[in-house]
Every structure is written in structure tokens, then in C-alpha cells.
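**Student:** Which chain is which? The protein sequence lines are A and B, in order. The first sequence begins at 11 in this note's numbering and counts up by one. The second sequence begins at 9 in this note's numbering and counts up by one.
Hints were generated in silico from the structure; no laboratory data involved. Note that the Cβ used here is the ideal one computed from N, Cα and C, for glycine as well. Any given hint could be a false lead.
To be verified - Distance ranges between label pairs, derived from CB positions: (1) B:E167 - A:C20: 29 to 39 Å; (2) A:L247 - B:G122: 21 to 31 Å; (3) A:S130 - B:N276: 44 to 54 Å; (4) A:T176 - B:N276: 50 to 60 Å; (5) A:F182 - B:M87: 27 to 37 Å.
Single-letter residue listing:
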Amino acid sequence: MKAFGRLYLCLLIFFLYLPIGVMIAMGFNASPYYQLPFEFSTRWWNELWQNQDLLEAGRNSVIVAVIVTLIATPIGTAGAVALHRREFPGRNFLRVMLLPPIAIPWLITGTAMLVMFYWSGVGRGFHAMLIGHVALAIPYVVLVVSTGLQTIRQDLEEAAMSLGSTPVHAFFRVTLPLLTPSIIGAALFAFAVSLDQFVISYFLATPGYTTLPVKIYSAIRKGFTPDINIISTVLLLASMALVLVYAVFSKFGAGNVRR
Amino acid sequence: MSAGPATTAPALKMGGRRLPPWVATTALLLPAYGWLLIAIFLPLGAMFLFSFMTATPIGNKEIGYTLDQYKIFFTQPYMWQVASWTFQIAFATTLICALAGFLAALALARSGLGRSQWIFLILILLPFWTNGLVRIFSWTMVIREGGFLDAVVQFVLPEAGSVGFLYSRPAIVLGLVHGYLPYMVLTCYIAISTIDDAIVEAAESLGARWWTVLGRILIPMAAPGLIAGSVLIFVPVVGAFMEPRILGGPQGVTLGTVIEDSFTQGFNWPQGAALSFMLLAVVLAIFATFSGVLRRNAQW
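In isolation and in its complexed conformation, chain B is listed as follows (with noise of 0.2 Å):
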């Protein structure tokens, strides 16, 4: 693999004189896919394999196949309530975003802001870029008890209680929320910045009210922004381990979590692989199902 970069060049000069073209056409993409085989998709096979297996593989265990570890929805009903926990708090998340980001990227695109818009932008994106991890960690500080919330609260009202919530699901929602909005203000924004203003003005003309051309045309024609930005969010936030763990302490299980312990805590590493694909499969099926609006979203 350390070859990988060095053989590049010299295939190039070889295809320019005498090797057919599709040497110098593998030898160019041969370093990034081979990496990516031997990084990505084949562990994604090896978990694949391993999660038919009866125990993790280490020592000299007898290793059997089943397909038990793909029955734990059956053999340990709490898992359904940690299901249906994930996907409340990512289908709050999503919504939570869609509305606040569809607003925004309508409030850049027609508050003429005229070149301040790319400030504004710019500003709204940065943290986005920033670890996840740093940021989730920052809202402990705010929604904590006695942290900088109740301060603020208790100098305004100083006979008022702690209103801290942190370790609870709406603080996992906040800091969710915090970490992909900027997703759906993006994905809006290039959507609302290509309507044409002419549309807009003939609809008012004609006498449209402001909610006839919120609705008529506004939301209809920003539309594959917020379903690109919906699936950008709500993918990443089911699989999210990190926020539920720090935001939602004892309440955050989720099936992340489950995930994560049962790689560094329980050491039941099949479990973990056959929920790690139960999860894909989810994730899969998301993606096939708005490949259509993605793809026209995206540069190729």
C-alpha cells in the first residue's frame, strides 16, 4: 500500500508512449481504490461475515455460524424501545432542522442582504467544519446544573430553580440539532438561491399573499434542498453514539450506544456487527429510496 503514490507517476509516462491507454487509466486509480477496498468495503465484509458468528473470535474459541445474532429485536424486547427512542430523536432532530434551516436559507437568500449574504453564510457554516465532539462538549458547560443557563435564568428571576436539563433526550435533540443545522441551511440555500426573483414578483403582482408564494412556490421549488439535507441529517444522527453518550447520559441509550459497548464494553462483537448491519441496511434503504432528488442535488 506505501507503494501506492510512487507508482503513479512512471505509469503515467508509460502511457504516454508506448501501453495502451487503460494502463495509465488503472495505474492512476488503482492507489485510491485499492485503498479504499482494503479499508472500507472489505471490513464492511469481514463485520458482514462476523455477525453470523455464535462469539468473537479470539483465543481459541469454538467459532459456529448462526443467524441468532440477527433475532435480538425478539430475544430482548427492550431493544425495540431503544430503536424507537433512536429514531424519535433523529426524526425530531431532522424536523427541528428542516424548519429552522429552511428559514434561515430564506431569510440569506431574500432578506436582500446583497454581498453581506456570503458573511452571513460563512459564519453560519464555519463551526460546522469544527469538531463535533468540542461542540457537543461546549453544550455541557450551557445546559448543566448551575451552568451558564441557570446563571443567566437566576440573574433575571433569583428566586427561580435550576432549569438545567442536561442528561435527558431533548439535550441529545439541542446538540443534534446545533451540529447539523448548518447541513440544512446549505442544502436550502443552494435550492432558494435558484429561484428566479421574476416568479416571485409576477405571483405577488397577480395578488399571491405571502403564504400563497411560501407555499406555492417558495417550499415546492425549495424542495430536493430540504429532502437532501433531511437525508444528510437524519443518516448520520441515527448512527450518533458520541452525542447521545455525553448529552444523555443514563437516558441517552440508543442504538449507537448499544453499538459502542457492545465493541469496547461488552466485548460481544457479533451482537455488535449483526446491529451495525441492521443499522446499514436502514441506512441502505434511506439512500435508494431518495437516490433520484440526491443525485440532481449533487455536482455529478
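Next up, chain A with everything else stripped away, as it sits in the complex (with noise of 0.2 Å):
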């Protein structure tokens, strides 16, 4: 019985994998038309340094993710301190009012963006996709954050206020110190949220200025050489890194709470 369980836990690895590994191997397979049997070229890899519009593409996801960061991770952790250390009335509405953003489909929530930023004059482009993708990451980064202030105890703030620091003082040298490993973990969860957001995207993209998901969408729709399958991998292996640091840096939070 065990034995089979474990068997059971391969297989659905391989069927997990096996799509990822295939496409990363087509990208290293010299047919244009995806041709087997597999003929080993790096031909691919070279034409991708020549494809400037999927060069360009890439860089605006990575700039695009950056400013997400840097604007999402402040204002969640203040949200996150603010809902989970302080009493007032509405708190458990405001709880559940972070979670439309993620539980309803982007779908509806890309089109609404659509439609609002187009009919207010903010359009498309740029600075839509920042206040689109800064929207979604602020959830993510809020449960992060509440989820570190869980496990820093707060008397210690209270010992260092007893102690006669302010309690400004005391949140920046108690509390903030211990949280800096989850807002680090916070901050990587938003950078990834960003980077790899493509419905919120596609829909405030612009002709003149997309990101990497909405350029390989439209290249699967539009025809498209092995050079995806390279930016592909790039892109699925620059993710499946954040989260693996974040993984790290989370475990490092925790042991930093029992010392």
C-alpha cells in the first residue's frame, strides 16, 4: 500500500513535469516546425538575442514587476500591521475585502480595469498595468505580512514602550527587525504576482507596449518559432527560482521566531 502510494506520487510528478521538460527540450530542437525526431541546435537560443520585440517585452515585465514591488510591499505591510495590531470597527470587513482581488476571476476584474482606466481617460499601457498589478499584489503581500505579525510576539513592543520608548520607536526597532524576513518574502510573492500576471496584462496592453505573457500569447495565436520555448523557460525558471528563495526566506523567519 505504501509502496503504491509512492509510485502513485512519481507518476503524478512526471505528468507534472513532463509537459515543462518537453517544451524546454523543443527549444534546443533545430526544426522550425517543431519537427521530431530531436536534433540538438542552439540555433534558438542565438535568434532570441535577435527578436527585439521579445527582448523588449521581457525587460518591461522585469521594470514593470521592480515598481510593482517597491509600491506594494509598503502599503501592505502598513495594511498588515495596521489588521493585525490595532482594534477598530469594520476590521473583519476589511479582512474579507482583500480577497475579490484574488477569488474573482481576472477575467472580470482585467475587463473592469479595461473599461474604467479607458472611460476615465487614464488608458492603457504602462501606467495601467502598474495600478492593475500593485492592485493584485497588495492582497498577497497584506497575507504574507499578517502571517509573519503572527508569530512575533507583541509584548515585546510593550516591554520596550514600559521601557520608555514611543511606540513608533518601538514598531521600527522591536517589531520591524523580526518582520524583515516575511516583508522580504512579501516582497518577492509580489515581484512573482507581476511577473508572471498575463489576463490583467493582456487587456491594458497596448500595441506599443506589452509585457513577456501577453507578447507569448499573441505569438501562440499568431505563429511562433522554438525562440518562445527559450523565453519560456526563462521565464518559468526565473518564477520557479522566487519561489524557491521565498521558500528559504520564510523558513528563515520561522527559525528567527524560536530563538
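Grab the two chains, each in its own frame, and use the hints to assemble them into the complex.
**Tutor:** Next up, the structure:
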């Protein structure tokens, strides 16, 4: 029974990684029509560096993700601190209001943003994407930082205050250093949310300004060559690296509390 | 809006000195919720208004208000077919994920894996945090005619024809299952890992066979995880448009692709807005029905 369980898990993991492996391998196959048998070639890797459109979309993706991280992390952290450390009426309502951006299908949120931004004159493109991505990232930052706050004892701050520290001083000198791993984790999360975001970007992109997932989508629909596989592989490995770094940081945070 | 993050720190300082505490609380909350209001809730409101318009208000067109957009299911009976396909795909995906995910969670928690449980769990969850579009795209390499699957089949049986099934509804379900299965594994694993081994051992020592243990202990106790996972999968799947578009081709007409088309191709925004709102109503009804179970699973 136990051997069967392990076999099943291995099959499941094989199923999860099979298409990803095939896609990566096909980026190193010489045929532009993805024909088999496989013939190794780095041709598409070289082609990618000629494809200015794809490279620019990739650059846009990274720039948007960095700015989104810089905006969403402090805003979300402030929100998490208020929701977690302060008593006020309507707190539960505000907590529930974090869920719609996560739970409502992005198709609905994305088209709603398109309607609103077009109508109000905000328009589409870089700034519209920024507004949309930050809104999606904030709830995740709040959730991750809140989880961190739960593990930090509030009486440490109270102890500091009883020794004459002001609340602000106590927060910045006691809670914030303990919270740093969670905040870094939240920032990585926000970066990943923005980098991988396709649906919102798709509705807010303009022909002149796109991000990588939008470019990949239009390539898939209009015809493509294996350089798409190469850039997809890069994007995939980047998100995997982010998640692994996040896992390390959240572990580091947990270790910090026990000490 | 850009002033948001800058305003929080000074306000905090004032809260510590003279101002009443609600000022600091508001200053901490305002940037986050102001942003959500402007970027999420106002747009949803705007779209609701749009769904009653007679035409897209661009240029100098006369705009009237009407309920006609919500009558699409009566004026275009074809939409019933589209809705039925969408829900069939969503039910099939959820059911397959529930079966495969529950078994995976059971295997993870009860195969005596010890510490390597975490390695398996991370391996299962890792693809989930990567780009969904890229993962859907990767399936086209496998299941297209002359793709990887065909190459494997023809290696074993050189005479066999193509088994590629890209551009079909099973292909859509396959891609969606691949995309959302880790959700179910996670929610079921959380539920099953709280089950005390002693309960199972007690049942076994009293003579319960494995199917009794499964049916009377494991499944009922894992039910919150199964339900939460099902809701978290069903909801995004009914709103999916990229997956049916890429893997379904001409077969991939769903509510999601119809909405996408009315915003990007047909330029009939009021129609798209009305469909989006009907979809949102379904989503909210699902969340309302299962809110009790979901809340027990959530952190807060």
C-alpha cells in the first residue's frame, strides 16, 4: 500500500513536469516546425537575441515587476500592521475586502479595469498595468506579512514601551527587524505575481507596450518558432527560483522566532 | 496615489504623540484600501453601469440605457450551448482534480515518507507558482499531431496513427487539471495531515477494512479540504479563456472566450460587461454557499 502511494506520487510528479520538460527540450530542437526526431541545436537561443520585440517585452515585464514590488510592499505591510495590531470597527469587513482581487476570476477584474481606465481617460499601457498589478499584489503582501506578524510576540513591543520607547520607536526597533524576513518574502511574492500576470496585462496592453506573457500569448495565436520556448523557459525558471528563495526566507523567518 | 507610501510613516509618528489612534490606523490602511478601491472596486462598479448601455461609449455615439444585454441567453440561444460547455469543462476539471488530488494528499500523508514528504510536496507545488500561460503552451508540444506523445506512441507501435488530441475539449480539461491540481493536493493535504493516526489505528484494531477507514474516517475528515479545493478550482476555471483558446482552438468556445472576444474583437463592451456580471453572480453565489467551509480553512 505504501509502495503504491509512492509510485502514485512519482507518476503525478512525472505528469506535472512532463510538458514543461518537453517544452524546454523543444527550444533546443533544430526544426522550426517542432519536428521530431530531436536534433540538438542552439540556433533558437541565438535567434532570441535577434528578436528585439521579445527582448523588449521581457525588459518591460521586469521593470513593471520591480516598480510594483516597490509600491505594493510598503503599502501592504502598513495595511497588515493596522489589521493585525490595531482594534477598530469594521476590521473583519476590511479583511474580507482583501479577497475579491484574489478570488474573482482575473478575466472579470481585467475587463473591468479596461472599461474603467478607458472611460476615465487613464488609458492603457505602462501606468495602467502598474495600477492593476499593484492592486493584485497588495492582498498577497498583506496576507504574507500578517502571517509573519502572528509569530512575533506583541509583548516585546510593550516591553520596549514600558522602558520608555515611543510606540513608533518600538515598532521600528523591535517589530520591524523581526518582521524583515516576512517583508522580503512578501516582496518576492509581489514580484512573482506581477512577473507572471497575464490576464490583467493582456487587457491593459497597447500594441506599443506589452509584457512578456502578453507577447507569448499573441505569438502562440499568430504562429511562432522555438525562440518562444527559450524565453518561456527563462520565465519559468525565474519564477521557480523566486519561489525557492521565498521558501528559504519564510523558513529563515520561522527560525528567527524560535530563538 | 503615488503619495501613498510616503504618507504612512509621518502619520504613524503623529499617532504616537498627540493625535487620536484612529488617525494612525486610517493612515496605515488608506493607501492599501484606497488603491483597491480605485483599481478593483470602482472598475467593477463602472462595468456594472456599462452592462446597461446600448453601445460602447466611444466617439460621439448616443448612449441609452437598456436591459437588453442581459437578455443574450434568450436572443442568442447558442449561448446556452456555450454555457453548458463551460460548466461541463469546469465540472470535469474539478472532479478529476478532486480524485487525483485527494489520492495524492493521502499518499503524501500516509505513505510513511517522513521528512521527504516536504520534498514531494514542494515538487508538486512548484509548477503551480510558475507562469500558467507557459504551462498551457507546453502541452501543445506534447499533444499536437506529430508531437511528443505521437513520437512515443510511434516508437512503441510504428504502425499506429496519430493520437494527438490538441484542439479538443479533453485537451482543455487536461491543461486545466495540470494547472489547478496542486491547489487540491495542498488543501486536501492540510486537512488529512490533521487526522490523528490513533483514530485510524483504533478503527483498524477493531477490524475495519481499508474501504471502511477510507469511507468512514478519511473522506469525511478530509471533506473541508476537498470542498475548499473544489471551490478554488471551479471558480477560476469557469472564468478561463486562455486555456480553451490555446488548447481548444475552434472547439474552445466558452463563456470566457466569448467575453474576451467582446472586449478585444467585437468591441461590444456592454455585452461583454453583462456576461462578466452574470459570471460574477455565479462566482459570488458559489462563495456564499461555501463561505462557512472556506472560512474554517482560512487563516482568519
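**Student:** Does each hint hold? Answer for all of them.
**Tutor:** Tested hints:
The hint said 29 to 39 Å for the Cβ distance between E167 (chain B) and C20 (chain A), and at roughly 31 Å that hint holds. Take L247 (chain A) and G122 (chain B): their Cβ atoms lie about 29 Å apart, and the range 21 to 31 Å holds. Judged by the Cβ atoms, the range 44 to 54 Å given for S130 (chain A) and N276 (chain B) is violated: they are separated by roughly 20 Å. Range check, T176 (chain A) to N276 (chain B): about 58 Å between beta-carbon atoms, so the 50 to 60 Å window is met.
Between F182 (chain A) and M87 (chain B) the CB atoms are about 57 Å apart, so this pair departs from the stated range of 27 to 37 Å.
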